[in-house]
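Put chain B on the given structure of chain A with help from the hints.
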Amino acid sequence: MSLSAQLINLFAAVILLLAFAMLAQRRVLTLINLFALQGLTLALSTLVVAFTTGQAHLYGSAALTLVLKAVLLPWILHRLVRRLEVKWDVEPLIKVPTTMLVGIVLVIISFNVALPISQLSSTISRGTLGIALASVMLAFLMMITRSKAIPQVVGFLAMENGLFLAATSATYGMPMVVELGIALDVLVGVIILGVFFFQIRDQFDSLDIRHLERLKEK
Amino acid sequence: MIDLFVLVLAIPLVGGLVLAVAGERTWAPNLNVIASAGTFLASALLTAEIVAGGPRFAFGEAFFIDSMNVFFVTLTAFVGMTTSIFSGPYMRNEREHGKLSAARLRLYKSMFQLFMFTMLAALTTNNLGILWVAMEAATLTTVLLVSLYRTPASLEAAWKYFILCGVGIAQALFGTILLYFAAERVLGETGNALLWTYLVDVKGQLDPTIMALAFIFLLVGYGTKVGLVPLHNWLPDAHAEGPTPVSAVLSGLLLNVALYAILRVKVLADGAIHTSFAGNLMMGFGLLTLVVAAFFLSRQKDIKRMFAYSSIEHMGLITFAFGMGGAVANFAGLLHMTLHSLTKSAIFFAVGHAAQKCGTQVMEDIRGLIRINPLIGWSLMLGTLAILGMPPFGVFASEFMILTHAMKHHPWTTPILLLALGVAFAAIFGKVQPMVFGDTQAKRLPHAPAIVPVFVHLAIVLMLGLWIPPYLTRWFHEAARMLG
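In order, the protein sequence lines correspond to chains A and B.
For the first sequence, position 207 (counting from the first letter as 1) is numbered 207 according to the working numbering, and the numbering increases by one without interruption.
Whatever position you read off the second sequence (first residue = 1), add 1000 for the working numbering.
Chain B with its partners taken away, still in its complex shape:
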């Protein structure tokens, strides 16, 4: 029997290569969906296997799958699948509007699959050096996607994305070198000194000074990709100027994977330093990110740009939660990451169709979605309510947990958190409300929008707000415990 894990990595890799070679055929969008669905199926089965049989290695010790990363693998593969379903009609509409040529669609599909591959490899690798390589490769696969429309603004966004993330990731490489240096003194020159499973066993013996320095560099480096303020400048541009499916996966997945890298390193840093240095640093960055992003929200005119800032805001909140640490906060952080991925990608799907319908991304020109297409209107409204943390959606539960935990252990942060969440609510709701309700004269789209993925995502988010299945709770607990 074929190893399920091999399938998880092989399907997107082969799919991407086939799509690159075959070019834009009539079956290409279907192949894109089939490959993504296959990846999701394989990762779901892999999850079942890990839940039943415990963590395991693959390809010698090169890859390591435990309950923490298998959860991200499933989430990544799931959002990848729904995004590929959404992008079918969306991209066809774009082509009909003359915005994209066949060659660009080919580039889009093959790069999308390769992007999935790099993210899945980053999540499952046991080697922190390879983690760096995969993160950089994830940037490289998306640079040409951000500039897919070849407009001056999209070229500028892609250039910024490349240079800022490149500089950021160079810091992370220096951090990785320092980490290797610290580990080599304990583990010796065996080539195992970057393997996470070895590192986690000896984390108490790593030199605290070097590890503190390494963690700072890694946090700044990967933090650039997470979109932590003040390193966030690339994020709104890349989200606003790239095609919407790319915005959905950047926001829903890439940010998560970068945060995952930070979490892995934090476990090592905590073990070596024995104080809450790493946690405090993350709390500080998280709060700053949350507040700055919340205040930028109200100044936005472009709808995708606004939701990009909302992603920054949520990443700040999640970083803050993991910074606090402990079972409850880690649980809430993981839950919030899941819910944010699902909700934000659903919102981008809805936004994509809405912008297509009205022919613009400027919010003042998008009006009356509920009249032209009630489904798009409602999905944008519900998605917005969900991301703003309205009950009964799941985001409410995770934000509530983060807030109560902060009140108990770090009471001084409570007013800051509440203020930021309040400002964000006012800004986003005030802008989405007239877009959904209001007058309009927009035309029908040539291809019916794919609205199913939006409602599937929102239904899951709703369900997680009302009832979390027991196996999922166990799984979150397990992962939260591993984070310490």
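One chain only, chain A, in its complex shape:
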């Protein structure tokens, strides 16, 4: 296995590790930092793929990932946390050991689902498809287990990270115009959610989404 392939696998492993770390993290600020770190790792791994394969547009997506996911989004989230004064928010509800065990099961399932696809693929990074799917699943699990709004959104963004990794590992990334569109959607989405958080806090005096469970079928 060549050095670059090993590097890509290493980065993918770090991304998976960070996904688990986020799953277990209770503090909002640390969670955002972990998310930024995941974005940075993702950008580095894309950069290595770009360098090894000489795909010009991958440099573009690496830069886009770096700016958007390692800098801009964490910055917006940090600002939101400061302005909403939820800096010391701690998630009381999660049962870390159980979530971790469920997470491990999810990883095994993802590797099995991804196996037939990565066998068909000829990219240098095909081995990481299972990891990509696993990080999507872990982010999904994180969204389910959290009861505060900001960790849920971080979970949502981490899911997008996983999808991006899937795109680079199976196909060397989507066409640039699509990636730009997705990035725009994510950015606008976070801004709209920021507005929305203020509305929620004004209404309920808290960002605990357990307040948002009244609409049900009786």
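There's no promise every hint is true.
Some but not every residue of chain A turned toward chain B, in silico, with C-beta under 10 Å [as the list claims (entries may be wrong)]:
(1) His57
(2) Ser122
(3) Ala139
(4) Gln152
(5) Val153
(6) Tyr172
(7) Leu184
(8) Asp185
(9) Ile192
(10) Val195
(11) Phe204
(12) Ile209
By construction, these hints were calculated from the structure, which means they are not laboratory data.
For every residue, glycine included, the Cβ atom is placed at its ideal position computed from N, Cα and C.
Structure of chain B alone, referenced to chain A:
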């Protein structure tokens, strides 16, 4: 001469930006109507051009207009126009009642136009990746509209809408990645591998295993937006808690556009897989949706929530029809989509005025509409009869076609379909009847309701039940043939 297609996309985009910058002026509602009417005019002319000259590209190969999507473009622009006419007096009444401020009306109008833009872009784009981007943008533009009243319930509905559709659409993105992966192996890394016109030429060579997996993810992802059970939870909340014009366009248009995305992918999946895998999956989801929604209908207390469930029910029926496939079922599915859009938005217009008049959305408190305002009363009654599939309204014709086709090719589904339609009829009719007839002491509204759009819609639905113009039949046939 300016390209008509450019106008179709540019008018709502520019209109939305102007309305956002200008703010709430006295002419803002008129501009909203003018922009929507302009979009409709441009799309009607574009339709004439496509019918005469055949499919074509726009902006290089970025957009592609054929007889299938041009039909949805016209429908979308038409319902957009009538909704903007309806929302003029409706929103003024809401402001008078102190429910909305000028800033919120500004947000509403500009987001409404941008929502139209994203839907028209989703319908006409040739790139399945951009289709995803536009679908997500359509969610983003409507999230703040659902929470427009800023009540606890509306915030909750908007949050649910955002998160559930966001998770759903993430599945669709994974499906799109898989589709791209399958296509890239055939088309090479040219950047064309997500363009529908290229994909449809090579659909037979796409890897069946990957395409099956991609279709499942795309069906689940876009199916969340269509409101397919068990992914429908956001839909009744968003419809009930948002302002009525938003409920009308969500129900009448957004669900259609999401279904359109599924149909496009189904054509590719069918070509690659060579079995009826995709169709069977859609039939299963469709039947489940139809039955579950029908049984939930009778338990509703909120009028908009009830009609939201009715939308879910009809989307289930349409998904089932497209799942069966073949010329007749596709024709019936397209016809039913058209009729459902027109009827359901008409019903929401009537419901909006009725709820405003009685000051509540709780059905038990809405009584005697026929006395306070015969027009609103009759429009709600006629709209209800139309959506329940009573002849001579058009919905009867399309439901009849779906039912007879199901009897012939999948007889085991007939009792399920009949049961669900029967239950839905009993539930809705039983609740609407006392709302229309019965005693009341409601007051007059400060602004006269816009009732014309309701009757225009119902008249078209009636006409389509009695007589479908030959060019429309040709058009439906053409689109049905493209779906295979």
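Hints, one by one, checked against the model:
no. : hint   : verdict
1   : His57  : 8 Å, holds
2   : Ser122 : 8 Å, holds
3   : Ala139 : 9 Å, holds
4   : Gln152 : 7 Å, holds
5   : Val153 : 9 Å, holds
6   : Tyr172 : 7 Å, holds
7   : Leu184 : 7 Å, holds
8   : Asp185 : 5 Å, holds
9   : Ile192 : 6 Å, holds
10  : Val195 : 7 Å, holds
11  : Phe204 : 7 Å, holds
12  : Ile209 : 7 Å, holds
Hint compliance for this structure: every hint is met.
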